[in-house]
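The primary structure of each chain is shown beneath.
2 protein chains.
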Amino acid sequence: MAVYTEINDEELARFVAGYDIGELMSYKGIAEGVENTNYLVHASKGNFILTLYERRVDPADLPFFLGLMEHLASRGINCPLPVRDRNGKMLNLLSGRHAALVTFLEGVWPRRPKVEHCSGLGRALAEMHVAGSGFSLQRPNALGPAGWRPLFQKFSANADDILPGLSKLISAELDHLGGAWPTNLPTGVIHADLFPDNVFFIGDKLSGLIDFYFACNDALAYDIAVCLNAWCFETDFSFNATKGQALIRGYQSVRPLSSEERLAMPTLARGAAMRFLLTRSYDWLNTPKNALVARKDPFDYVRRLRFHQSAATIADYGGPSS
Amino acid sequence: MAVYTEINDEELARFVAGYDIGELMSYKGIAEGVENTNYLVHASKGNFILTLYERRVDPADLPFFLGLMEHLASRGINCPLPVRDRNGKMLNLLSGRHAALVTFLEGVWPRRPKVEHCSGLGRALAEMHVAGSGFSLQRPNALGPAGWRPLFQKFSANADDILPGLSKLISAELDHLGGAWPTNLPTGVIHADLFPDNVFFIGDKLSGLIDFYFACNDALAYDIAVCLNAWCFETDFSFNATKGQALIRGYQSVRPLSSEERLAMPTLARGAAMRFLLTRSYDWLNTPKNALVARKDPFDYVRRLRFHQSAATIADYGGPSS
Numbered sequence: 001m002a003v004y005t006e007i008n009d010e011e012l013a014r015f016v017a018g019y020d021i022g023e024l025m026s027y028k029g030i031a032e033g034v035e036n037t038n039y040l041v042h043a044s045k046g047n048f049i050l051t052l053y054e055r056r057v058d059p060a061d062l063p064f065f066l067g068l069m070e071h072l073a074s075r076g077i078n079c080p081l082p083v084r085d086r087n088g089k090m091l092n093l094l095s096g097r098h099a100a101l102v103t104f105l106e107g108v109w110p111r112r113p114k115v116e117h118c119s120g121l122g123r124a125l126a127e128m129h130v131a132g133s134g135f136s137l138q139r140p141n142a143l144g145p146a147g148w149r150p151l152f153q154k155f156s157a158n159a160d161d162i163l164p165g166l167s168k169l170i171s172a173e174l175d176h177l178g179g180a181w182p183t184n185l186p187t188g189v190i191h192a193d194l195f196p197d198n199v200f201f202i203g204d205k206l207s208g209l210i211d212f213y214f215a216c217n218d219a220l221a222y223d224i225a226v227c228l229n230a231w232c233f234e235t236d237f238s239f240n241a242t243k244g245q246a247l248i249r250g251y252q253s254v255r256p257l258s259s260e261e262r263l264a265m266p267t268l269a270r271g272a273a274m275r276f277l278l279t280r281s282y283d284w285l286n287t288p289k290n291a292l293v294a295r296k297d298p299f300d301y302v303r304r305l306r307f308h309q310s311a312a313t314i315a316d317y318g319g320p321s322s
Numbered sequence: 323m324a325v326y327t328e329i330n331d332e333e334l335a336r337f338v339a340g341y342d343i344g345e346l347m348s349y350k351g352i353a354e355g356v357e358n359t360n361y362l363v364h365a366s367k368g369n370f371i372l373t374l375y376e377r378r379v380d381p382a383d384l385p386f387f388l389g390l391m392e393h394l395a396s397r398g399i400n401c402p403l404p405v406r407d408r409n410g411k412m413l414n415l416l417s418g419r420h421a422a423l424v425t426f427l428e429g430v431w432p433r434r435p436k437v438e439h440c441s442g443l444g445r446a447l448a449e450m451h452v453a454g455s456g457f458s459l460q461r462p463n464a465l466g467p468a469g470w471r472p473l474f475q476k477f478s479a480n481a482d483d484i485l486p487g488l489s490k491l492i493s494a495e496l497d498h499l500g501g502a503w504p505t506n507l508p509t510g511v512i513h514a515d516l517f518p519d520n521v522f523f524i525g526d527k528l529s530g531l532i533d534f535y536f537a538c539n540d541a542l543a544y545d546i547a548v549c550l551n552a553w554c555f556e557t558d559f560s561f562n563a564t565k566g567q568a569l570i571r572g573y574q575s576v577r578p579l580s581s582e583e584r585l586a587m588p589t590l591a592r593g594a595a596m597r598f599l600l601t602r603s604y605d606w607l608n609t610p611k612n613a614l615v616a617r618k619d620p621f622d623y624v625r626r627l628r629f630h631q632s633a634a635t636i637a638d639y640g641g642p643s644s
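Taken in order, these protein sequences are the chains called A and B.
According to the numbering used here, the first sequence holds residues 1 to 322 in order.
According to the numbering used here, the second sequence holds residues 323 to 644 in order.
Only chain A is shown next, with the shape it has when bound in the complex (with noise of 0.2 Å):
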């Protein structure tokens, strides 16, 4: 949550004169994403959202993320459309960094997600594996099951120190999803970090979807697995089955899941809650404590992955068996 590169009024004018969006009006740089420095920017022919990327993305990915939002957008997905400057670029220079202007989306993310708030995301990321189909880039998953024992090698000497036993714990859990993860589910493009902050809403109608920076191609049901954790536990960690419940049935009203995909979303839901306490783990051993960004506790995914290691069918997440 930072404005890491500062950017000035002369060479913003140039980079925007690129583009055919009318004369510069204003710009605040903007305390949202953790990963680059965006701006809110006014032209006269309307408001748009400046990133400049920072150093943990990779500039070859770049070309996967903007295409990908400019593929959704054109089979009606509400996201941020990448604007192409007036050589047809979506992706350009500024203060040093790669920059990309896109479309500003209206919205609020909702801090308290409601059971509303969950069935109107299911239908959307269903919309959204449907729309993605047919999209020609190809990006594996970085931060799937293949990458999590190298991810864990780079801190487990250390895990015991965010909790005694956490090493002990992730290390069974990587044996386990190890032999239960299942390869035979559809694949496509999946958006993988749903979070409540990257879904818009305006009263309790969603808006759209945003920040496509780790979207890559994987199980779609994996993308649901990601959304139960994010979504649907409450601040004492108990999972609100409602919630679930709202969710499966907005996803299944667009996109009907197989039987492979509701047998295996147990597993699915423990991959996911593995995913993001590796990654936080590691954030929370290398983040200097005074740093711009907020560590997120880890802490929170050991009390997902207790109740997914509980849950025995799709059921306890509130979706039909069949």
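No lab work stands behind these hints, which were simulated from the structure alone.
Where hints are given, some of them may not hold.
Calculated cross-link-like contacts (lysine-lysine; reagent style DSS-like; alpha-carbon spacing at most 27 Å) [unchecked claim]:
no.: 1; chain 1: B; residue 1: Lys476; chain 2: B; residue 2: Lys490
no.: 2; chain 1: B; residue 1: Lys527; chain 2: B; residue 2: Lys436
no.: 3; chain 1: B; residue 1: Lys367; chain 2: B; residue 2: Lys411
no.: 4; chain 1: B; residue 1: Lys367; chain 2: A; residue 2: Lys45
no.: 5; chain 1: A; residue 1: Lys45; chain 2: B; residue 2: Lys527
no.: 6; chain 1: B; residue 1: Lys436; chain 2: B; residue 2: Lys618
no.: 7; chain 1: A; residue 1: Lys154; chain 2: A; residue 2: Lys296
no.: 8; chain 1: A; residue 1: Lys154; chain 2: A; residue 2: Lys168
no.: 9; chain 1: A; residue 1: Lys205; chain 2: B; residue 2: Lys367
Given the coordinates of chain A, work out where chain B should sit on it, guided by the hints.
Then chain B, alone, in the frame of chain A:
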């Protein structure tokens, strides 16, 4: 430059409902302002800046600041207009902070001010001074001459940690200013902090003035002296007399200076440099090195002060001596 106070969507929606500005469409925390937290709020009836006043602002001063903006806006000055809620109030509470909503002002502040900017600035400053007459509330200048010595005493013991000899330099300058400070100048409402980041332009045309949170009653010409310090020095600390001339000419095209004001300009400029030297020195010694807000180097104002000490008349600033 930070968002000190987080707000949530539900409490903001309730807050917005208290005003006749339509439905909440989006809000973003913006990285502007050192003292307070600012959000850019888009409601269906327009764009607004929501300010949450943090600890360093005395709530007793808020009616002056907000009332002044309303007074100036009603007299045609382009500045943020505080929005009154359905009960006619300009000030409310949000997330435990005093909070006000003002209209959003288009424009971009010039990172490298040019001569044309200084000319527009001079005119706008004089127009503000003229429009300020008749404003009924009063606020003494807490950072005027009477406040300088008490502020210096708070850090004089450590001043030489910033720069060897700084304590002696400030002490001697305060002695000089104590004897030389003019008391016979026309007074009124001044902005007192009209740095480039508080003046917006669209292209080269001035679009408005913001940030009235140091405004007070004092000698009008002192406001010019602040601007000479803030706008007319180059990055090598040389004074650009062409910019000074543009500023003073622009000002006089609206409000001609009296002979006393012209005579006093070098002294006023020394005083303005002293004011920023004192606050920057104090902040330098009292801001943790890893704070969210960047410390500004007090040395810049030692260099400015030396120029002013060598100035004999307003002609040294590009102004006409009669």
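How the hints compare with the structure:
A hinted pair counts as satisfied when its Cα atoms are at most 27 Å apart, and B:Lys476 with B:Lys490 qualifies at roughly 15 Å. About 12 Å separates the Cα atoms of B:Lys527 and B:Lys436, which keeps this hinted pair within 27 Å; it holds. Restraint check: the Cα-Cα separation between B:Lys367 and B:Lys411 comes to about 19 Å, which is no more than 27 Å; the hinted pair holds. Proximity of B:Lys367 to A:Lys45 is assessed by CA-CA distance (about 18 Å); at most 27 Å being required, the pair is judged to hold.
Restraint check for A:Lys45 and B:Lys527: satisfied, since their Cα atoms lie roughly 19 Å apart, inside the 27 Å limit. As the CA atoms of B:Lys436 and B:Lys618 are separated by approximately 22 Å, the hinted pair is consistent with the 27 Å bound. Only pairs whose Cα atoms come within 27 Å are accepted, and A:Lys154 paired with A:Lys296 is accepted, the gap being roughly 18 Å. Our distance criterion of 27 Å between C-alpha atoms is met by A:Lys154 and A:Lys168, whose separation comes to about 15 Å.
Simply put, A:Lys205 and B:Lys367 have alpha-carbon atoms about 19 Å apart, close enough for the 27 Å limit, and the pair holds.
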